[in-house]
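Heads up: the sequence lines are chains A and B, in that order.
Each residue of the first sequence is one higher than the one before, starting from 1 at the first, in the working numbering.
Each residue of the second sequence is one higher than the one before, starting from 1001 at the first, in the working numbering.
In case anyone wonders, no lab produced these hints; they're calculated from the structure.
We put the beta carbon where it would ideally sit given N, CA and C, even for glycine.
It cannot be assumed that every hint is accurate.
Said to hold, decoys possible - Pair ranges (Cβ atoms, derived):
| no. | chain 1 | residue 1 | chain 2 | residue 2 | range |
| --- | --- | --- | --- | --- | --- |
| 1 | B | 1026 | A | 11 | 42 to 52 Å |
| 2 | A | 9 | B | 1117 | 41 to 51 Å |
| 3 | A | 61 | B | 1007 | 36 to 46 Å |
| 4 | B | 1005 | A | 6 | 42 to 52 Å |
| 5 | B | 1088 | A | 133 | 50 to 60 Å |
Claimed, not checked - A partial selection of chain A residues facing chain B, derived with a Cβ cut-off under 10 Å:
| no. | residue |
| --- | --- |
| 6 | 40 |
| 7 | 44 |
| 8 | 65 |
| 9 | 178 |
| 10 | 197 |
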Amino acid sequence: MNWLIDFFSNPANWSGPGGIPVRLLEHLEFSVVALLMAAAVAIPLGLWVGHTGRGSFVIVVSANAARALPTLGILVLVVLLVGVGSTWPVLVPLVLLAVPPILVNTYEGVRGVDPDLRDAAYGMGLRGPQVLFKVLVPVALPLILLGLRLAAIQVVATATVAAYVGLGGLGRFIMDGLATKNYTITIGGAFLVVVLALTAQAGFTLLSRVAVSPGVRRVR
Amino acid sequence: MGDEPLVRWDWIWRNWDTGRPDSILALLESHIVMAFLPVLFGLLLAVPLGLASARWRWLYQPTVSVMNVVYSLPSIAIFIVMLAITGLGQATVIVPLTFYSLAILIPAVVDGLTSIPDHVRSSAVAMGFTPLRRLVRVELPLAVPVVLAGLRVATVSSISLVSVGALIGQGGLGYLFIDGWQRQFTTPIVVGIVATVLLAVTADGLLVLAQRLLTPWRRA
């Protein structure tokens, strides 16, 4: 606890390009961009596979294999191949990390919709895309948001690794603390990461309260 | 990078089994130990904790909240904190990964137990099963599919997370990432990534096989 007070009461940790506000923004930037990119790939793919049933085996198997990709290894490989010039190398492992939970939950959400409900929608004369967007997506929304929430937590916690290859973010505090054996900084940085991850989690919980249709909520 | 190829095959053959602790085989071995023990310990702890949470529902929400916080902790930060407590050894990595496994397995055990239909439980009672026998012979076997699904995610994540331990000097195959990064040499990194993914896919396949053997009624 004393370490935390030391970290946050030290004015040197608050100012300049290595200060808490700058590092927090960098961390947020990596995380948000990676999550948006992953969602842009995983949600349409999950919806399509869940709706058509095509390629579901491939999705499940490759999503589980993708979970095994070691973030640190992917990061150093990408940076060695393309150089550290910009921040985008860190996005590669983070997007790879975020895709599986979003993809699997979107797919499971759409696939798990009660077949009676789907048939009723077709019976009312809705066409394929209408069934997908007017019936399946609203019913699957809680699971889709769960996937996004899990991905967000993992991305925020893992974006710390970016600091190993000299990029910014809250990981800087953790890595610098490790390198200089100044564990006050490490603990402080880790605390900020946890706060950010929990904020993201609370945000998605709130979003699912607002966005999920009351009718769907009652069933669950 | 110039003319340097992505993978130098001769490096792999020379370093496959040198008998030193940094040979690929030795790293693979320590990776396996540090990845599987946490899942095993996690399962041993998650079953009683999950049973308690399924029995006393008020326990479930606090348990899940604590586990969500655990899950958002960046692994590198916990490794560093553990370094101060246990010193450097395999336990430095095994203890934190046990908590990550728990965070995945406790909800899986609870979901597995609560997914059992009431009429099945009532039938067991009517047939004269004592509570303990009912648990061991009826409830736990029926929970196997859901628990194993959680076990698969926990195993694959654990295999992927071990490599972060390389930043503190105890990361199995993760050592290859650090080594490759420091020497600006891609071969070890590619070897590390491929070996990690192969290990995860093999473990995942064995768990799918275990599920088939443990739930013969699902094949009928």
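Cross-check of the supplied hints:
no.: 1; hint: B:1026 / A:11: 42 to 52 Å; in the structure: holds, 47 Å
no.: 2; hint: A:9 / B:1117: 41 to 51 Å; in the structure: violated, 56 Å
no.: 3; hint: A:61 / B:1007: 36 to 46 Å; in the structure: violated, 25 Å
no.: 4; hint: B:1005 / A:6: 42 to 52 Å; in the structure: holds, 49 Å
no.: 5; hint: B:1088 / A:133: 50 to 60 Å; in the structure: holds, 54 Å
no.: 6; hint: 40; in the structure: violated, 23 Å
no.: 7; hint: 44; in the structure: violated, 23 Å
no.: 8; hint: 65; in the structure: holds, 6 Å
no.: 9; hint: 178; in the structure: holds, 6 Å
no.: 10; hint: 197; in the structure: holds, 3 Å
This entry does not satisfy hints 2, 3, 6 and 7, going by the numbered hints stated previously.
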